[in-house]
Amino acid sequence: MSTVIDDELWSAVGDPIRRRMLDQLLADGRGTATSLSERLPVTRQAVAKHLGVLDRAGLVHATPEGRERVYAVDEAQFARAVAQLASVGAAWDARLRRIKTIAEAIQRTRDAVAHQNAPDSRGTHVDPDARENRAARAEPEN
Amino acid sequence: MEYGSIEREIHVDASPEVVYEVVSTPEHLAGWWPDEAELEPGVGGAGTFRFGDSASPDRHVELVTVVEADPYRRFSFRWVYDEGVTAAVGNSLLVTFDLLPTHAGTLLRMTETGFRERGWEAAKLEALYRDHVSGWDYYLPRVAPYVTKLVSAP
Chain A
302 MSTVIDDELW SAVGDPIRRR MLDQLLADGR GTATSLSERL PVTRQAVAKH LGVLDRAGLV
362 HATPEGRERV YAVDEAQFAR AVAQLASVGA AWDARLRRIK TIAEAIQRTR DAVAHQNAPD
422 SRGTHVDPDA RENRAARAEP EN
Chain B
306 MEYGSIEREI HVDASPEVVY EVVSTPEHLA GWWPDEAELE PGVGGAGTFR FGDSASPDRH
366 VELVTVVEAD PYRRFSFRWV YDEGVTAAVG NSLLVTFDLL PTHAGTLLRM TETGFRERGW
426 EAAKLEALYR DHVSGWDYYL PRVAPYVTKL VSAP
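As you go down the protein sequences, you meet chains A and B in turn.
One rule links them: number in this note's numbering = place in the first sequence (from 1) + 301.
One rule links them: number in this note's numbering = place in the second sequence (from 1) + 305.
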């Protein structure tokens, strides 16, 4: 698939109104510009325009029915869009886990060194129970 | 789900000072992401992330510019932009780390935006870079040596 079409797909799912339209089409299975506009804060004309964008990106397919066109989500193309972002998200999950491991290792080592250098530094210790009690008291009664 | 951005958060049992160091300094960046990192850590600082072995044909180099450097609170940078341009909204991806102190350590929140503006190719590129450093086998042996190095530093 070419870069141009890829970019169209990305901007098609990037718009919040179009995502709500996709959600509705996924939930209902099908819809028309009229039926979608009844549940969205935009005009039927605007919905028709958005449907055109989704159609060009291959995210929906239209079937003529009477005087209206009935739209349904192209599940393969939609899954492709979702998978791409899930893949980037998974990459970040892995990176954040590595950040956590590195930072915690450094912290443990520094704490150990600080403890060796100043074994009497008990004054900085915070009683965790005291914190919990404060938190509990701060909660509203009901 | 916002298709134009990615948000993630993780709790780290380490102080914001330590976490900030890990997300913002080149020696630590190379421990959790690119194979090699060069970066001037201040606002506007330029740098590069290198992915892949220097001898490998699939070696990638990405330019990086620091956007915000607010020690122990926020660090952000732009990347995935073309050589010769100034990194800005619309031509790059923006990665922001927000650090929130907690009782036990730091809540680290990461946001990456710009996918909608930069397009699909950038997202594919981003996902691709995961592969170079995804394995714990690759990463774990690197941690111990540089923690030791840090601690032995004056």
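Rather than coming from a laboratory, the hints here were simulated on the basis of the structure.
Be aware that one or more of the hints could be misleading.
[Said to hold, decoys possible] Computed from the model, here is a short list of chain B residues facing chain A with C-beta under 7 Å:
hint, residue
1, Ile311
2, Val324
3, Gly336
4, Asp340
5, Asp403
Idealized CB from N, CA, C, for every residue including glycine.
Checklist entry - Which hint numbers does the structure go against, in order from smallest to largest? => result Violated hints: 4 and 5; rest satisfied.
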